[in-house]
Amino acid sequence: MSTTTGVTSESDVRRDAAAHQESRGHRTMVLNMGPQHPSTHGVLRLLLELDGETIVKAAPDIGYLHTGIEKEFEVKTYQQGVTLTDRIDYLAPLSNNLVYCLAVEKLLGLEIPEQAQWTRVMLAEFTRLNSHLVWLATHAIDIGAMSVFLYCFREREEILRIFEMFSGQRMMTSYFRVGGLALPHPRGWQKRVKDFVDIFPSRIDEYEELLTGNRIWTGRTKGIGYISLEDMLDLSVTGPMLRAAGLAIDVRKDAPYSSYEKFDFTVPTRTENDVFGRYLLRIEEMRQSHRIIKQALEGMPSGPHQADAPGIVLPEREKMKTQMESLIYHFKIVTEGFRVPEGEVYQAIESPRGEVGCYLVSDGTQKPFRVHWRGPSFGNLQSIPKLIEGTLIADVIAALGSMDFVLGDTDR
Amino acid sequence: MIPESLQDNPIAAALADLAVTAKFEFNELTVEIEAAKIVEAMKRARHDLKFERLTSVTGVDRFPAEPRFEVVYHLQGIAAKQRLRLKARVSGQNPQIESVTPVYRGAEWYERETFDLFGVQFLNHPNLTRIMMPEDWEGHPLRKDYPITGIRY
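Residue numbers (our numbering), protein chains in the order written: chain A, 1 to 412; chain B, 1 to 153.
I should point out that these hints are in silico values taken from the structure, not numbers from a laboratory. We put the beta carbon where it would ideally sit given N, CA and C, even for glycine. One thing to keep in mind: the hints can contain errors.
Said to hold, decoys possible - Some, not all, of what chain A presents toward chain B, calculated at C-beta under 7 Å:
1. ILE249
2. ARG339
3. GLU342
4. GLY343
5. TYR346
Claimed, not checked - Below, simulated EDC-like cross-link-like pairs (lysine to aspartate or glutamate); rule was C-alpha separation at most 16 Å, straight line:
6. A/LYS319 <-> A/ASP308
7. A/LYS106 <-> B/GLU28
8. A/LYS106 <-> B/GLU25
9. B/LYS81 <-> A/ASP254
10. B/LYS144 <-> A/ASP308
11. B/LYS50 <-> A/ASP363
12. A/LYS71 <-> B/GLU52
13. B/LYS144 <-> A/ASP254
Given these sequences and hints, build the entire structure.
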């Protein structure tokens, strides 16, 4: 929670404000936006130096949501660590579960059964829809389109019900575990998912009808929030921001994980590189996610939902009552966890916001030696000054919204 | 110096004269660079080996071993679709290393975070202040000798 940040710090902003006053002959004003401003979607503080309504300088200040999750990983066993990942990016819990599980499984050398892999893909895409819907809803409400919010949350509710059906939880699902899934598929999931798949494309059309041709919407978003592709690459920006600038970069295609290579989808790109382009891009991403979910629903393989790895995956309840071995394994896993061979891995996946990476170092014990979480929001937020300096203060809200960050993911 | 088995790897070979050691595990290449030569290695990685993007910078505390800290850099080559991990070890008494912000501007926040949570000094960093913890905080939470529980008055 420092008071300075970015290329510009708070003292820089204040000092420059004083200097500008002399050179321009009139005063500039320093404005604190946040940390409790509703359009910052969390607790982000922005220090803005204003000349009239134009932003001369901007300095983001983060850290208000720092909860020490990386430290906490070091005192939890590997399986317990899954629950922490949900809480990092609370709009994409299953993406975070996935990257952590993949990293641990890479170290263990575990082979995950097909059904678990496909379920992971399907639910990760539901997570993307969920996150994009919340993004669209809040982004639109920031700019003044109240009704879109209600439409988006209607579909989001349905997705949360599907999550609840699978895991028993609406948000902090922890459904992916090291070795597979926490529970087998619930009864009747196909119907619920199918109902959603059938209706969703028409719902996306509805959002587009409300916004894409809307003159107020286009007036507020076209040509706003431009940042060059070179700057973005230099500042470690990932995800939809890059794709809206014309670079087809997507971890799902570049380094497929969890059998994404078996699915047919395209990586949409736009060339506008502004708030409107990012809006159209995420709309198209929702359509692509829908395609993937449909394929997963139709081709869901049968078989076990967990790997055949006795010392790592909890035994079936029935076996525990009849087999001594199972009982011992259960006791060992629950009380002391399982050992992971020494080594280090970096696993990246494409979360709704960009590349989320898990750098995992193991020293051969039951607890991770070090977990570093490369959250997409942290890298993206660095580019805020580039995005808004020189623009009008009303456009800050639109530009911030187009970035789609989550402060929990930034501060961890 | 890089091991025999990696002599054929073009990336490892290009960094061989700056490397302390290297390894290829889990399909990931790690090259440990001499701490004093990190900026040169980064320049080479960016301009010659075409790693366009810095993914992250972080630290690992090997307390009580010496040199105590590992500073870990993850790079990504977008066109070639490859990744590279560079490492440099710095001592516990005087943990400092040159900042790589002149090569990758995106390193700025990551280095600040590593400074904040591990106490590694990045020399010639444009704005090396705490980013996560309050400015008057004492200690660096991700160090292994930092307590996990407890109340301070």
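Results of checking the hints against the structure:
1. Because the closest C-beta pair between A/ILE249 and chain B is about 6 Å apart, less than 7 Å, the hint holds.
2. The beta carbon of A/ARG339 is not positioned within 7 Å of any beta carbon in chain B (closest approach about 17 Å), and the interface hint is therefore violated.
3. Given hint, A/GLU342 at the interface with chain B, is violated; its Cβ is 10 Å from that chain's nearest Cβ, farther than 7 Å.
4. At about 6 Å, the closest approach between the beta carbon of A/GLY343 and any beta carbon in chain B falls short of 7 Å, and the interface hint on this residue holds.
5. For A/TYR346, the shortest C-beta to C-beta distance to chain B is roughly 6 Å, which falls under 7 Å, so the interface hint holds.
6. As the CA atoms of A/LYS319 and A/ASP308 are separated by approximately 14 Å, the hinted pair is consistent with the 16 Å bound.
7. With a C-alpha separation of about 11 Å, the suggested pairing of A/LYS106 with B/GLU28 holds against the 16 Å cut-off.
8. Of the pairs offered as hints, the one joining A/LYS106 and B/GLU25 holds, with about 11 Å between alpha carbons and a cut-off of 16 Å not exceeded.
9. Taking the CA atoms of B/LYS81 and A/ASP254, the gap is about 6 Å. The hint holds against a cut of 16 Å.
10. Under the criterion of a C-alpha separation no larger than 16 Å, the hint pairing B/LYS144 with A/ASP308 is inconsistent with the structure, at around 35 Å.
11. For a cut-off of 16 Å, the pair hint linking B/LYS50 to A/ASP363 is broken: about 32 Å separates their Cα positions.
12. For the suggested pair A/LYS71 and B/GLU52, the alpha carbons sit about 30 Å apart, so the restraint of at most 16 Å is broken.
13. For the hint linking B/LYS144 to A/ASP254, the alpha-carbon distance of about 36 Å lies beyond 16 Å, and the restraint is violated.
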